Amino acid sequence: MMTALLVVLVLAALWASMTTPLLRAALALALTSAMLAVVMFSLGATLAAVIELSVCAGLISVVFVSVISLTQRRPFKEYLARRRARLRRLWPLPVVLLALGIGLSFVRAPVQIALPLPATDGDVRTVLWNLRQLDLFGQILILLAGVFGVLVLFKKEAKDGD
Amino acid sequence: MAIEIPQSFWLYFIFFALLLVDGLWCMLATRNLVRILIGVEILMKSVTFLLIVAGYFSGRMALAQALVITVIVIEVVVVVVVAGVILGLFRKHDSLDVENTRQMKG
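So the sequences go chain by chain: D and U.
Note that this note's numbering has the first sequence beginning at 1, numbered continuously upward.
Note that this note's numbering has the second sequence beginning at 1001, numbered continuously upward.
If you are wondering where the hints come from, they were derived from the structure by calculation, not from laboratory data.
Keep in mind that this is a model prediction, so the values were computed, not measured.
Positions of the beta carbon are idealized from the N, C-alpha and C atoms, including for glycine.
There may be inaccurate statements among the hints.
Claimed, not checked - Here are the simulated DSSO-like pairs of lysine-lysine, each with C-alpha atoms no more than 27 Å apart in a straight line:
#, chain 1, residue 1, chain 2, residue 2
1, U, 1092, D, 155
2, U, 1092, D, 156
3, D, 77, U, 1092
To be verified - According to the in silico footprint, chain U covers these stretches of chain D (three or more CB under 8 Å from chain U):
#, segment
4, 10-24
5, 134-142
Sequences and hints are given; from them, build the entire structure.
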């Protein structure tokens, strides 16, 4: 079951990188996020799965669709020409991925990573709020940097004399 | 004392490698800025996936989830700011070609 989920995850990512219409690529990326959320849920990471689903599959897809709709005005002939050129560049990708997957599955590398014994792995809320407080400060700073970045990007140019 | 990673970790690692190669190829095979951003997103998905798998096998899922939440926040900010840059470049050059970024100043 898990292998099937992982195969669908990789296929969705492959679709996102190979399809020519950008809008379809954004939808495929949302599907990739949704499949990743399902995989996370299956592995027991429920809170991260919910955030992945709502933020990555939801919010980021909205941002992508907005950017694409604001920037797409291409005649159909040009679109067809671009699609042919794009397929020429991308046709080896599924072959490479298939060969890599089959090759790696035959490698059977001995996994001997020695990790220290897990500390008492509490609730994710306890870890996030009590043990990883610096991460929260970092997140707040990154969010503020993003807000200021967007404000600067969309700032109207000052007129002469202002 | 240490814990041994089971052999089934290799299965997850293979799929991580496939996602990584897919994202890198998506970034390298195009000149379209939106598509490069999609490639970056696929790369970040692969990193998120590996973090969760590492948490699952090491028994530290709570820590892994805390790190994944941080990665998701960074991902959102990167996407929003780069989307703003892409819109700005499109308004100036009427094109999404990555070559336009060479003319950026300041």
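Under a C-beta cut-off of less than 8 Å, do 3 or more residues of the segment 134-142 of chain D approach chain U closely enough to confirm the stated coverage? It holds, with 4 qualifying residues against the three required.
Assess, step by step, whether the Cα of residue 1092 of chain U is no farther than 27 Å from the Cα of residue 156 of chain D, and give holds or violated. holds, 13 Å
Under the criterion that the straight-line Cα-Cα distance not exceed 27 Å, is the pair residue 77 of chain D, residue 1092 of chain U satisfied? Cα-Cα ~24 Å, so holds.
Under 8 Å between beta-carbons, do enough residues of the segment 10-24 of chain D, three at least, approach chain U for the coverage claim to hold? Result for this restraint: holds, n = 6.
With a cut-off of 27 Å on the C-alpha distance, tell me whether residue 1092 of chain U and residue 155 of chain D pass. Holds, because 14 Å separates the two Cα atoms, which is no more than 27 Å.
Taken one by one, the earlier hints all hold for this structure without exception.
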